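Spelled out, the chains give:
There are 2 protein chains.
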Amino acid sequence: MADPSSCPLLTPASVRAAYEKIKPYIHKTPLITSTALDAIASSPDPSVYLSENPPPFHNVPTNGVEQGNDSQGSDDVPKFKLWFKCENFQKIGAFKARGAFHAVTRLIEELGVEEVRRRGVVTHSSGNHAQALSLAAHTFSIPAYIVMPTISTPSKIAGTRLYTNNVIFSGSTSQEREAVVADVIKEKNAILVPPYDHPDIILGQGTAGLEMETQFQEARYGQTGGRVQWKGERKEIGFDAVIAPLGGGGLLGGTATFFSNKYSTLVFGAEPSFQGGDDGRRGLLEGKRIEHVKTLTIADGLRTPVGVTNWSIISDKTKVEGLYAVTEEQIKMALRLVFERMKVVVEPSGCVGLAVVLFNKDFRDMVVRKQKETGKKEWDIGVVFSGGNTTMKALSQLFAEEKKTEAREREQGKIGLDGTRKVEDVAG
Amino acid sequence: MADPSSCPLLTPASVRAAYEKIKPYIHKTPLITSTALDAIASSPDPSVYLSENPPPFHNVPTNGVEQGNDSQGSDDVPKFKLWFKCENFQKIGAFKARGAFHAVTRLIEELGVEEVRRRGVVTHSSGNHAQALSLAAHTFSIPAYIVMPTISTPSKIAGTRLYTNNVIFSGSTSQEREAVVADVIKEKNAILVPPYDHPDIILGQGTAGLEMETQFQEARYGQTGGRVQWKGERKEIGFDAVIAPLGGGGLLGGTATFFSNKYSTLVFGAEPSFQGGDDGRRGLLEGKRIEHVKTLTIADGLRTPVGVTNWSIISDKTKVEGLYAVTEEQIKMALRLVFERMKVVVEPSGCVGLAVVLFNKDFRDMVVRKQKETGKKEWDIGVVFSGGNTTMKALSQLFAEEKKTEAREREQGKIGLDGTRKVEDVAG
Chain G
1 MADPSSCPLL TPASVRAAYE KIKPYIHKTP LITSTALDAI ASSPDPSVYL SENPPPFHNV
61 PTNGVEQGND SQGSDDVPKF KLWFKCENFQ KIGAFKARGA FHAVTRLIEE LGVEEVRRRG
121 VVTHSSGNHA QALSLAAHTF SIPAYIVMPT ISTPSKIAGT RLYTNNVIFS GSTSQEREAV
181 VADVIKEKNA ILVPPYDHPD IILGQGTAGL EMETQFQEAR YGQTGGRVQW KGERKEIGFD
241 AVIAPLGGGG LLGGTATFFS NKYSTLVFGA EPSFQGGDDG RRGLLEGKRI EHVKTLTIAD
301 GLRTPVGVTN WSIISDKTKV EGLYAVTEEQ IKMALRLVFE RMKVVVEPSG CVGLAVVLFN
361 KDFRDMVVRK QKETGKKEWD IGVVFSGGNT TMKALSQLFA EEKKTEARER EQGKIGLDGT
421 RKVEDVAG
Chain W
1 MADPSSCPLL TPASVRAAYE KIKPYIHKTP LITSTALDAI ASSPDPSVYL SENPPPFHNV
61 PTNGVEQGND SQGSDDVPKF KLWFKCENFQ KIGAFKARGA FHAVTRLIEE LGVEEVRRRG
121 VVTHSSGNHA QALSLAAHTF SIPAYIVMPT ISTPSKIAGT RLYTNNVIFS GSTSQEREAV
181 VADVIKEKNA ILVPPYDHPD IILGQGTAGL EMETQFQEAR YGQTGGRVQW KGERKEIGFD
241 AVIAPLGGGG LLGGTATFFS NKYSTLVFGA EPSFQGGDDG RRGLLEGKRI EHVKTLTIAD
301 GLRTPVGVTN WSIISDKTKV EGLYAVTEEQ IKMALRLVFE RMKVVVEPSG CVGLAVVLFN
361 KDFRDMVVRK QKETGKKEWD IGVVFSGGNT TMKALSQLFA EEKKTEARER EQGKIGLDGT
421 RKVEDVAG
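If you read the sequences in order, they're chains G and W.
Sequential numbering of the first sequence, starting at 1, is according to this note's numbering.
Sequential numbering of the second sequence, starting at 1, is according to this note's numbering.
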């Protein structure tokens, strides 16, 4: 990988520069809206819309024009207009293509394509980064060596093999994987491209933020950039808030970097709370990065601890306003709403941002408070759907298991009436 | 309903007129493409991409430019560029909104809005037409009386109640439902809006065809309408073929009506074969409309026989080139590919067109033959995804059951190695 010391600074301008490099190779994924999800998110208890007999919306669209939410009443209910950035429609099905293409184009720029082709790139990953790096390398005829545990699911191995013949197996511990990577580096002089903790990766992922802001401005104001008159002040046009999933931190770190000079756009991160998967949130409470996480959350893309460089961004209150965590049940409820109401497939990891908006009480109370303070009636919030790589089989099992265990757990009081699972507090 | 004798003629011009009426009220749904699905459809055996360890594509995109399919070899493999019309993203989740808005705006035009408001509209439906009509009526403050069997699933009743308070229950036989409808008509003088067998409905559904053609022309040629030079001839720009699901026939009839003066665009219909659900195809073989169908196909929107008016269109060879049927397994395979590769939710009924393109041998052989005859290497084919109204629970059950019964049926020889279920011939 390019030496971090020679990398561009983590600034909005660097995200723009990254975008110019990767634009020809990635999809400009759509930014979509949903009247149904807006109504659900802006109702006092979104979980009622998961029942078999959901209540009607108060803001049914008529004559192609939405009615206001005002009739819905209480001041203590946050109001949202949701803008979903569909990175589930990105190449290889996840935002990871952005970082991988940026890392590879930067290597070519620094070392020349011949040297990169001679040496190749290497990483260890069993997930979306493996596919993303092999695609990016394949695009420039660069060999990609991907170290995967032998126990990886066949579909993920097959997905990676679509673009590279060099899948190398290892044991499943991180020591075993890293030993194999070290061998490849020694033998081939291959260049390591880590999955998230590197400036080039972070800047690449940040282009999702850049792209969604431009799309939002065009959709909402019919112009890119500029200012509007708002409550007697000239205000830069943009989102009121953006929320993205936090795993290793590449996506959230890059997004926060891009929005770091947009004072009117607050950036939030979303994590799974299961078995301590909310290491970012817990780290902020403890005042230091948590280095080890061991969780089997269904949000399998978010099981890793936050990386070192990413931590420096995420723990900077001027860049990231706050982190919020959701339970497994809340993630599944969000996934079902996206599936049934929007007809879109998002993987569990990709739904945690929406799950926070819909179900996290602290988050919703904070929004109500800020909406009162600023007199703003509704937030335009950008919600990143980070990926869609799941299978019918995996989702069927996820929701079939729920049916079996739900009744029992409800009896045992593990699931509240609002459908939220009560997990033990694993912080620490 | 407007007296058919006073209705516009079933012509492309009438579809255009219908579109002008309903345009303010419906979504312009996206026309999307998928490199992965193109590669799968253009491979010798698309079913191999359903396995846990699918082979790589031959036409992996590089540098943002697709490589040709030529390396894939055989002349006996059809080649497709697929253009998916996403009516699953339409209001109420299905194309039915088009016909319902057209029927209602036509009634207002003929009788005046006061009279329609005084009388109200009535239909019997437990499916998408019920929701579509209640939404259309609600939009113009017209009462909608929807007769539904008491045994309807709660979610469908709830969906209809989003827009009307007048859900009236009946027994589940068609006689019982029709008796209740007759009562409503007698009591309220309400106007019947049938689900598919009426010119206004047919013309409304046909606007899906109009819209997708315009979107295709813009995406493919950067212009709407006009001609291009092709093999020494001036050729009207447009799809080579379009395929839509066939149930009652409103969607296919309307689509075929719109394309009836586009000689270079062939229109095909797709049906489920399970328990004789392919009544259109069987009717063509017998030379007469089949009036009764009793099938429990998973494509539950396609269980009805073709309507009388629709039959006159569909049995006209100058309008519909042919009808093809697929098995339950083939529908499920298509659904899974759309879900896993495109990250889009389509209900089983909405997938039958794609299932034909991927898995129907007669259809694929016919395409190969026509591609050889015309020297055209690849077809631009418009595939209508007609709706997306399913639930996570329903799909989980559908695919969980499959897992249980699959192995057994494979042993018993009921499922071939290609995954197709061998059903008894129920024609007659």
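Where hints are given, some of them may not hold.
Any copy will do: because identical chains look the same in the list, a pair fits if it lies in one copy or spans two.
EDC-like mimics (lysine to aspartate or glutamate), calculated; alpha carbons at most 20 Å apart, straight line [as the list claims (entries may be wrong)]:
1) LYS361 <-> GLU20
2) LYS186 <-> ASP76
3) LYS393 <-> GLU52
4) LYS23 <-> GLU109
5) LYS79 <-> ASP365
6) LYS317 <-> GLU114
7) LYS156 <-> GLU52
8) LYS28 <-> GLU218
9) LYS235 <-> ASP197
10) LYS188 <-> GLU378
11) LYS21 <-> GLU109
12) LYS294 <-> GLU109
13) LYS23 <-> GLU110
14) LYS377 <-> ASP362
15) LYS81 <-> GLU115
16) LYS23 <-> ASP240
17) LYS370 <-> GLU110
18) LYS21 <-> ASP75
19) LYS294 <-> ASP38
20) LYS28 <-> GLU187
21) LYS377 <-> ASP3
Just so you know, these hints were derived from the structure itself, not from any lab.
Computed from a predicted model, the values in this text were never measured in an experiment.
Structure-based check of each hint:
no., hint, in the structure
1, LYS361 <-> GLU20, "neither (39 Å within a copy, 45 Å between copies)"
2, LYS186 <-> ASP76, "neither (60 Å within a copy, 48 Å between copies)"
3, LYS393 <-> GLU52, "between (23 Å within a copy, 11 Å between copies)"
4, LYS23 <-> GLU109, "within (16 Å within a copy, 49 Å between copies)"
5, LYS79 <-> ASP365, "within (11 Å within a copy, 55 Å between copies)"
6, LYS317 <-> GLU114, "neither (42 Å within a copy, 59 Å between copies)"
7, LYS156 <-> GLU52, "between (35 Å within a copy, 9 Å between copies)"
8, LYS28 <-> GLU218, "both (14 Å within a copy, 18 Å between copies)"
9, LYS235 <-> ASP197, "neither (34 Å within a copy, 54 Å between copies)"
10, LYS188 <-> GLU378, "neither (55 Å within a copy, 42 Å between copies)"
11, LYS21 <-> GLU109, "within (10 Å within a copy, 55 Å between copies)"
12, LYS294 <-> GLU109, "neither (37 Å within a copy, 65 Å between copies)"
13, LYS23 <-> GLU110, "within (19 Å within a copy, 53 Å between copies)"
14, LYS377 <-> ASP362, "within (19 Å within a copy, 58 Å between copies)"
15, LYS81 <-> GLU115, "neither (48 Å within a copy, 37 Å between copies)"
16, LYS23 <-> ASP240, "neither (26 Å within a copy, 31 Å between copies)"
17, LYS370 <-> GLU110, "neither (45 Å within a copy, 51 Å between copies)"
18, LYS21 <-> ASP75, "neither (46 Å within a copy, 39 Å between copies)"
19, LYS294 <-> ASP38, "neither (35 Å within a copy, 40 Å between copies)"
20, LYS28 <-> GLU187, "neither (38 Å within a copy, 55 Å between copies)"
21, LYS377 <-> ASP3, "neither (46 Å within a copy, 48 Å between copies)"
Figure legend: structure checked against the earlier numbered hints; hints not met, in rising order: 1, 2, 6, 9, 10, 12, 15, 16, 17, 18, 19, 20 and 21.
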